[in-house]
Amino acid sequence: MNLRKFAPVAAFVAFMAAFPWMVAPFDAISHYTDVMVFAGIFCLVTIGLSLLMGFAGQISLAQAAFFGIGAYASAILTGRFGWNPWAAMPAGAAAAAAVAWIVGVPALRLKGHYLAMATLGFGVIVHIVLNEEVEWTGGPSGMVDIPGLSVAGVRVLSETAWYYLVWTFVAAALIFSYHVLHSRVGRALRAIHEAEKAAEAMGVPVASYKVQVFVYSAVLASLAGSLYTHYVTFLTPSSFDLMWSVRFVLMVVVGGMQSLWGAVLGTVFLTFVGNEWLHVFADFEVLVYGGILLAVALLVPQGLVVWMQEKLSRRRETLLPRSE
Amino acid sequence: MTSPRFSSSDPILILQDVHMQFGGVTALKGIRYQVPRGIVQSIIGPNGAGKTTLLNCISGVLHPTEGRISFLGRRVEREPPHRIAALGMSRTFQHVALFPQMSVLENVMVGRHVRTRSGFWAAGLRTRSMRREEAAIGRDARAWLDFVGLADAAHLPAGALPLGKQKILEIARALATDPALLLLDEPAGGLNTRETEELGELIGRIKERGTTVILVEHDMNLVMTISDRILVLYYGQPLASGVPDEIKENPEVIQAYLGDEWTPDEGAPIMNGQL
Ligand SMILES: Nc1ncnc2c1ncn2[C@@H]1O[C@H](COP(=O)(O)OP(=O)(O)O)[C@@H](O)[C@H]1O
Ligand SMILES: [Mg+2]
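Protein chains in written order, with this note's numbering: chain E, 1 to 324; chain H, 325 to 599.
Rather than coming from a laboratory, the hints here were simulated on the basis of the structure. Quick caveat: nothing in here was measured; it's all calculated off a predicted structure. Don't be surprised by glycine CBs; every beta carbon is placed ideally from N, CA and C. Check each hint, because a few of them may be wrong.
One side only, chain H facing chain E, incomplete, derived with CB under 7 Å [stated by the list, open to error]:
id: 1; residue: 421
id: 2; residue: 426
id: 3; residue: 448
id: 4; residue: 513
Based on the provided sequences and hints, a complete structural model is requested.
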């Protein structure tokens, strides 16, 4: 990693590390640390989704469902069965991976946008199950008193502690994804994106890679759901409905597909929009999101990150993690 | 890799009654043909004769509506392209199909995909074996760029190369898969005279390495100089086949090439007496 590439990353890390301390002294924004915990949790979902959308060229409308699988798996395994949360988390992720594989294999064998349709249906089914399986999920009234998390025997209690925990997960997901993109697998994914026919002729099993990326996105979403569960300690099915899946897609589109930074930026931006700046619009939320989507599509179709790079500097490659 | 019953003296490719129908159009009408190992086999014929369709059927891009295709002793007419690539066949496209935003080197590195193994986990965790393999992929890809003479352009985006070099890069990418059989679809299309000569020389070196080449080409000079055998396709059927001298003198071929189906620019070679 050379200096030009390293500098923006170092600046980003420094800013993120200092963030809770920068907002804490100001009452009006001290709760931004809490908002950033949610933003970080959602980033885990959208990092995976941006690989799926940007490189496999597929849209999933079930990311909220995978988020829900992780959340409820953690809640049930720790709350009902007394599992350690750190054991419940991979169990939920494994379940999400298995389900993604079952949904993805038939949908991704076919060319075209069958995955969007399959995941739309699947997401709705998961939402119904969460509502109807009252005995397990508490139904519409949800689950309460879910245990919290401990790291090395210490309870993660304060918002600041949660902030660092969640963003450590985000950093790990970013690094893992960055490495994937800069490998044999990543080259294959980019090749699929640029010329699918040629990629196939070079021996790249296109469908299999699309399934792998989809499974990866489901695993990340499930891990995010587990963290969410232990942070808020109560669950209702409404956090896992289609509207949330659409929001995740929107976060990726706003930030810019094909860029891991785009997923992060779009997610933080829309989380603040949703949590902070939108209550004024209350019932018109859908309209606001529609307006944002329209504005992005018309004005900055590449997403905010590419647009900012072009504005701020001519050195596109310094921010984009995908160049050599 | 090859089937146990396959011996090195057997034809590398056997086509048995290959038919290809697109709705009402029959692009291939029962092709029966064998390609021996180690030669440059050219396929010529007027536009729309079915040459590209035949390459697509051989490489798995299309599945023939009828007939059998054996490659290295294995039936491949129902296999997907990536499996056929793994068996040892690679190709270029009539309309260049590179990965334009990836660097020249990365394009060739994708060619190594089929001969390497590291998966998702190994990549994300950058395991030691993954890093070792990655280094080998880089070395091999550079060696292929040297082989075709594109080493200087390694770090340019592939889409920034002039067309002539893009066509050569496509060949390098295909070679990186270690093919036993290489299919080239009009590699000289859009090249100038000097580039075409260099291409001929490159195909000669590919053949010397033991790779069988199937060449679809309109440039008669090139075809007549480097082919060991020529197959003439006409309306989806073999019209003639043989060594270049036989093809040049075949009255049916001359007749077909003089017919009005042959468009003026492709008609030029015979008018010039090249055929
Ligand atoms: N995908 C396709 N769908 C329908 N018709 C096709 C398709 N590909 C080729 N054809 C038809 O098949 C015939 C042979 O085409 P092609 O193989 O491209 O010829 P050549 O490469 O010899 O110029 C033409 O009539 C062409 O229109
Ligand atoms: Mg053609």
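Structure-based check of all given hints:
| no. | hint | verdict |
| --- | --- | --- |
| 1 | 421 | holds, 4 Å |
| 2 | 426 | holds, 6 Å |
| 3 | 448 | holds, 4 Å |
| 4 | 513 | violated, 17 Å |
Hint 4 from the list above is the single one not met by this structure.
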